[in-house]
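If you want the building blocks of each chain, they are given just below.
Number of protein chains: 2
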Amino acid sequence: MLVVGELINSSRKAVAQAIANRNKAYIQDLARKQAAAGAAIIDVNCGTSIGEEEKVMAWLVDTVQEVVDVPLCIDSPSAEALATGLAAHKGQAMINSITAEKERWAEVLPLVKEYKAKVIALCMDDGGMPESVADRLRVADKLVSGLVAAGVPADDIYLDPLIKPLGVNSQYGVEALESVAALKEKYPEVHSICGLSNVSYGLPERRLLNRAFMVMCLTRGMDAFILDPLDIQLMGLLRAATALAGQDEFCLEYIAAARAGKIKA
Amino acid sequence: MLVVGELINSSRKAVAQAIANRNKAYIQDLARKQAAAGAAIIDVNCGTSIGEEEKVMAWLVDTVQEVVDVPLCIDSPSAEALATGLAAHKGQAMINSITAEKERWAEVLPLVKEYKAKVIALCMDDGGMPESVADRLRVADKLVSGLVAAGVPADDIYLDPLIKPLGVNSQYGVEALESVAALKEKYPEVHSICGLSNVSYGLPERRLLNRAFMVMCLTRGMDAFILDPLDIQLMGLLRAATALAGQDEFCLEYIAAARAGKIKA
Numbered sequence: 001m002l003v004v005g006e007l008i009n010s011s012r013k014a015v016a017q018a019i020a021n022r023n024k025a026y027i028q029d030l031a032r033k034q035a036a037a038g039a040a041i042i043d044v045n046c047g048t049s050i051g052e053e054e055k056v057m058a059w060l061v062d063t064v065q066e067v068v069d070v071p072l073c074i075d076s077p078s079a080e081a082l083a084t085g086l087a088a089h090k091g092q093a094m095i096n097s098i099t100a101e102k103e104r105w106a107e108v109l110p111l112v113k114e115y116k117a118k119v120i121a122l123c124m125d126d127g128g129m130p131e132s133v134a135d136r137l138r139v140a141d142k143l144v145s146g147l148v149a150a151g152v153p154a155d156d157i158y159l160d161p162l163i164k165p166l167g168v169n170s171q172y173g174v175e176a177l178e179s180v181a182a183l184k185e186k187y188p189e190v191h192s193i194c195g196l197s198n199v200s201y202g203l204p205e206r207r208l209l210n211r212a213f214m215v216m217c218l219t220r221g222m223d224a225f226i227l228d229p230l231d232i233q234l235m236g237l238l239r240a241a242t243a244l245a246g247q248d249e250f251c252l253e254y255i256a257a258a259r260a261g262k263i264k265a
Numbered sequence: 001m002l003v004v005g006e007l008i009n010s011s012r013k014a015v016a017q018a019i020a021n022r023n024k025a026y027i028q029d030l031a032r033k034q035a036a037a038g039a040a041i042i043d044v045n046c047g048t049s050i051g052e053e054e055k056v057m058a059w060l061v062d063t064v065q066e067v068v069d070v071p072l073c074i075d076s077p078s079a080e081a082l083a084t085g086l087a088a089h090k091g092q093a094m095i096n097s098i099t100a101e102k103e104r105w106a107e108v109l110p111l112v113k114e115y116k117a118k119v120i121a122l123c124m125d126d127g128g129m130p131e132s133v134a135d136r137l138r139v140a141d142k143l144v145s146g147l148v149a150a151g152v153p154a155d156d157i158y159l160d161p162l163i164k165p166l167g168v169n170s171q172y173g174v175e176a177l178e179s180v181a182a183l184k185e186k187y188p189e190v191h192s193i194c195g196l197s198n199v200s201y202g203l204p205e206r207r208l209l210n211r212a213f214m215v216m217c218l219t220r221g222m223d224a225f226i227l228d229p230l231d232i233q234l235m236g237l238l239r240a241a242t243a244l245a246g247q248d249e250f251c252l253e254y255i256a257a258a259r260a261g262k263i264k265a
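So the sequence lines, in the order shown, correspond to chains Z and B.
Here the working numbering is used: the first residue of the first sequence is 1, the next is one more, and so on.
Here the working numbering is used: the first residue of the second sequence is 1, the next is one more, and so on.
Some hints could be false.
What the hints assert, rightly or not - Facing chain B, according to a computed beta carbon distance under 8 Å, are these residues of chain Z, among others:
hint, residue
1, Pro165
2, Gly167
3, Arg207
4, Met216
Claimed, not checked - Stretch by stretch, here's where chain Z covers chain B in the computed footprint (C-beta under 8 Å, at least three residues):
hint, region
5, 81 to 88
6, 203 to 215
Think of the hints as simulated: they come from the structure by calculation, not from any bench.
C-beta atoms are modelled at their ideal positions from N, C-alpha and C, and glycine is treated no differently.
Take the sequences, apply the hints, and build the full model.
Below, the structure written as structure tokens:
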């Protein structure tokens, strides 16, 4: 199971402020804590640094890689910011994200190839957000075949089915879970990933929904999550569900995490 | 989603003592709390009352039904104790449990019929504990066809696939989940149920495993659980997962539970 730590994102106020002040200590602390909690990749997003995102992304990558050994997920709607982040990055980065939209595809594919990066591929094209399981499969087909044709190994591709808020439609959870299972069946060699928080948008006690949804996605075959690794309940459930899914021989990782106090019931 | 509250069980020391002392207040408090937390059925087990289980079961049923409106699940290895419990019970009870073992089947089936009870049917026969998904399906077939032939409505049957400890074999979780999915596919009209605690036997932070396993079973189609309804994290995940599984129109029950403070992230 792959955990991408989501906390260094300038949509969070304290992070935006730390970035604005070039407060390395704050950012580095957040990086260290996420890696220690089990994040194997750390997402970096500075989308609020309007007009200077390219420069700030390189600073952010340098700042984080100074203190942690894990690779980063360079996260931006701007292809230029992705490029400066990737240029600054040491080791194999992850790109967040490519889509099947013509313009985005044309901008991001060359970066995936140049940097031999892992890539999150959102199941959307110029038709907008997917409306059904079939819609996601149709777009996933474009993404996977296009990426593989460009020489990207299946193992570096992370399909994101795009999760919509359950509060808007009571069947959106089912639609998402069926999409996860369908993607897994059709592309067993390709990974799938999602962020957890969209599903609970507008509903109370959101972390409960995020946690349950993570376990449900994992049960249907999802193997990577963009999440808050400092949510100890969430990480405990992730490690428990990984073991229950038969992916932790003799429960050794689960037991070690419990002994180290990293998970708690 | 059906919750059977498991706390009134004499394998728990405090309950055994309360039963021995005929401490109605303690038992009734446990009944009230479980019903308030969302148990739709309350399990009653007095297996430690050796030599007087029949008498004690009737007392236990009376004691609990004095204070809660929900039906009870009469839980005993003794057919005689099941009989006295069922005779004392008002409304439609649940029986825990019948199996495909010749002797148990012969003793319990008449009670299921006489009291038109719901029944938990364990997927085991005289060959012992099931060793595979196929084994469970084979035994489930005997159970379902036998019960239906005896006039028991499918809606009153709760198949228990029998959960074995993950600590013993890292694939027991997968085997259990595949069994749940296979039973659901083969018998869509029949319910499935399990207790949660066996899966985590011998492992640390057991409640984490129990919670994750509940969500995973629910995801594969299980619709009833014997659990501790006073575990607020567990009940929150159950309500969240029920909503995410598309079984809570407009998330009304989830939202109501959150507003009432019954669930908390």
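Hint by hint, here is what the structure shows:
1. The restraint placing Pro165/Z at the interface with chain B is violated, with a minimum CB-CB distance near 10 Å, outside the 8 Å limit.
2. Residue-level restraint check for Gly167/Z holds (minimum Cβ-Cβ distance to chain B is 6 Å; threshold 8 Å).
3. A least Cβ separation of about 4 Å between Arg207/Z and chain B falls short of the 8 Å threshold, and the interface hint therefore holds.
4. Contact between Met216/Z and chain B, as hinted, is supported at the beta carbon level, the nearest pair being about 5 Å apart and thus within 8 Å.
5. Counting residues of the region 81 to 88 of chain B whose beta carbon lies closer than 8 Å to any beta carbon of chain Z gives 0, which falls below the threshold of three, so the coverage claim is violated.
6. For the region 203 to 215 of chain B, the stated coverage by chain Z is satisfied: 11 residues place a CB nearer than 8 Å to a CB of that chain, which reaches the threshold of 3.
The structure is inconsistent with the numbered hints 1, 5, although it conforms to all the rest.
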